[in-house]
Amino acid sequence: MPALWLRVAVLFYAVGLMYALVAVSRGHELLRKIALPAMSLGMVFQFVSLAEEGLLSNQLLTASIHNSESLLAFVVMVVFMLVYAFYRTVSPGIVAFPIVFLLTFVSALGQQPFLGTSDGLRTGWLIAHIGLIFTGYAALFISFGASLLYLLQERALKSKNQIRLLTNLPSLGTIDEIGYRSLLLGFPFMTLGLIAGSVVAQAKFGPSYFVDSKVLLSLLMWAVYLIMLYTRWSAGWRGRRAAYLATAAFIVAIFAWAANFFSGMHRFVQS
Amino acid sequence: MNLHLMGINHNSAPVEIRERLAIPEARLPEACQRLAHHPGIQEALIISTCNRVELLAATPSPTADLRGFVRDYFHVNAAEFEPHLYEFRERAAIRHLFRVACSLDSMVVGEPQILGQVKEAYAVARGVGAVQGNLDPLISRAFAVAKKVRTETAVGSSSVSIASVAVELAKKIFGSLRGKNVYLIGAGKMTELAARHLIAHGAGTIFVANRTYDRAVQIAQKFNGQAMRFEELYDTVDRADIVISSTGAPHTIFRREHGEKFLAKRKNRPMFFIDIAVPRDVDPELNKLDGIFVYDIDDLQQAVAAHVADRRKEAEHAEQIVESEVDRYLQRLQTLDVVPVIVSLQDQFETIRQAEIDRVRGRLGKLSSDQEQALEALTNGIVNKILHMPISTLKTAARDPQSTTMVEIVRKMFKLREEPDINEPRATETDKSAGEPR
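Line by line, the protein sequences give chains A and B. The first sequence runs 1 to 271 under the working numbering. The second sequence runs 1 to 438 under the working numbering.
Incorrect hints may have been included.
[Claimed, not checked] Simulated crosslink set (DSS-like; lysine-lysine; CA at most 25 Å straight-line):
1) B:Lys-385 with B:Lys-395
2) B:Lys-147 with B:Lys-313
3) B:Lys-288 with B:Lys-313
4) B:Lys-171 with B:Lys-222
5) B:Lys-189 with B:Lys-148
6) B:Lys-288 with B:Lys-147
7) B:Lys-189 with B:Lys-147
8) B:Lys-119 with A:Lys-33
9) B:Lys-313 with A:Lys-160
10) B:Lys-171 with B:Lys-288
11) B:Lys-171 with B:Lys-267
12) B:Lys-261 with B:Lys-148
13) B:Lys-119 with B:Lys-147
14) B:Lys-189 with B:Lys-171
15) B:Lys-366 with B:Lys-395
16) A:Lys-33 with B:Lys-267
17) B:Lys-148 with A:Lys-158
18) B:Lys-222 with A:Lys-158
19) A:Lys-33 with B:Lys-288
20) B:Lys-261 with B:Lys-222
21) B:Lys-265 with B:Lys-288
22) B:Lys-412 with A:Lys-160
23) B:Lys-189 with A:Lys-33
24) A:Lys-160 with B:Lys-147
25) B:Lys-415 with B:Lys-395
26) B:Lys-265 with B:Lys-222
27) A:Lys-158 with B:Lys-147
28) B:Lys-385 with B:Lys-415
29) B:Lys-385 with A:Lys-158
30) B:Lys-395 with A:Lys-158
Keep in mind the hints are simulated off the structure, nothing from the lab.
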């Protein structure tokens, strides 16, 4: 059943994907109206799927590792909804929805057999590690989305003859605030998540855990995160330069995510 | 009841003509009352704004003399105004009223003031009792249509003045204008107008710089702002988020290197330059810097033109809404016309049915409750079946302008009372007619 609910969620998320695809070019009245309800329904089904998986395996940890893409998509949606609650704008979805769709789609496609952790060692730390890191990821995605929207809106404002396009996006100030706040929110989560992860790894693998590909990439991502925050805080970087950094962070994040296949200690599933 | 509308507006007459027919606000109640009491007129509404004067009258006879009122009230010869006056009757009058309320007849299509002005006119006319049962539902409907047009079309949504476009752009850049500082450089009507708009939307401190410091102090006082020395311009402009420049300088005041300096000092917080000077005060190169947005007079005018074009497109949609609403209103009006006939028709048949049952009951003897029910059902069935066709024909006829003749025929055929009062107890009224078909 969890797989079925997940597929239903994918269907709803597809509406969001379509919204995102047409929103950039011209916007679509009907899609704009149904995107948010559809995504909310998708969230509900995804939650049911995740919860059921958790209950079936009777182990929160197993479920979250097994369905990590789905969980991440869900956390991205939670962060998106938080942004929506504050700013009443669906626009970050233009970037967030496709990410959510892709993650959920991938998750719904491949239900791999679970290898299981070798011992129940410090599962509390592991759960904390996963939860914190995922929230950090989600905030990073939203912030990445905001920086792309910022570029779009900035370009429209500067080119002057596209004033009508502007009305579909929130103001530059609002987009900027969304991006900066999600960075601020995500960074402590990411930091604490990495610390929790290293506690687990240190105990399990000893000091050698450090040379693992995923660990290194994650550290790189964290460093880019830090640079983004610093340049923003000290020099007020936004717009183009901030978008470059955000894109870099996003790409590193994707690699770090994909590094599960090369990482010895993150291999929980057969690949 | 007939509707008659006569008026004059910015399209039909120049201001020299319009001002002679304009009615000042203070005299409007009295004018309304006089129009309502003018011979041949029962109810009246007068809308008088700087762009139009509209006289709307509900008249019992189709030939009411609105021209006579114009002659008596304004002491002018209506013939003199003949080429400028327009007149509408019935459907056309309703349509015109709806279009005025929806701001489709306005000089700037979609401007929101006119609806408020019509509402005021309505309040005045109601206050003096000039608007009653006939005009009241029509005018209320006009307000409803205006609201519908406003929510279903974007006819009033985009700004069509330079100052309001500037505010709209500022909002697109900063989000809220609350706490955003404005720097005015140079003086001018347009600068002040834009500043006023920005303040109305919550802008913070206003700085004013002028070649002559005294003038700056003067303008600053108007806005409760702060006068700045022109010599310190480059050191102080970075305090402002929005800069409105309109000096008479022959060359640009702000060049790229200034912009870079401002951005560094502002930690890259965005700046919005509104350059309404010709020749321009702000080098367009500044617009290429990240975080600086420069709009000159042409850019703003272009935006205005684009919005005007948008409104025109939306106005077409709004016109369609008005047309269908006029049809709906007329239809409802006529349906209301046939309702009394239908009611008295039903009343009459019901009385006949009751009388016939009473008549045969004596002969049938005591009936069981089942038999009683069957008798009721049988007679009701017959009456309803017979009435079904005429009633539905009447209802369809209501949509047709010829419905009054149909109503008349039915009245005559069944000898129905002329104006039945629906609230009256039914039995007394139809007692007499009950025996007739026998």
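* Which hints from the list above does the structure break, by number from lowest to highest? -> 3, 5, 6, 7, 8, 12, 15, 16, 17, 18, 19, 20, 22, 23, 24, 26, 27, 29 and 30
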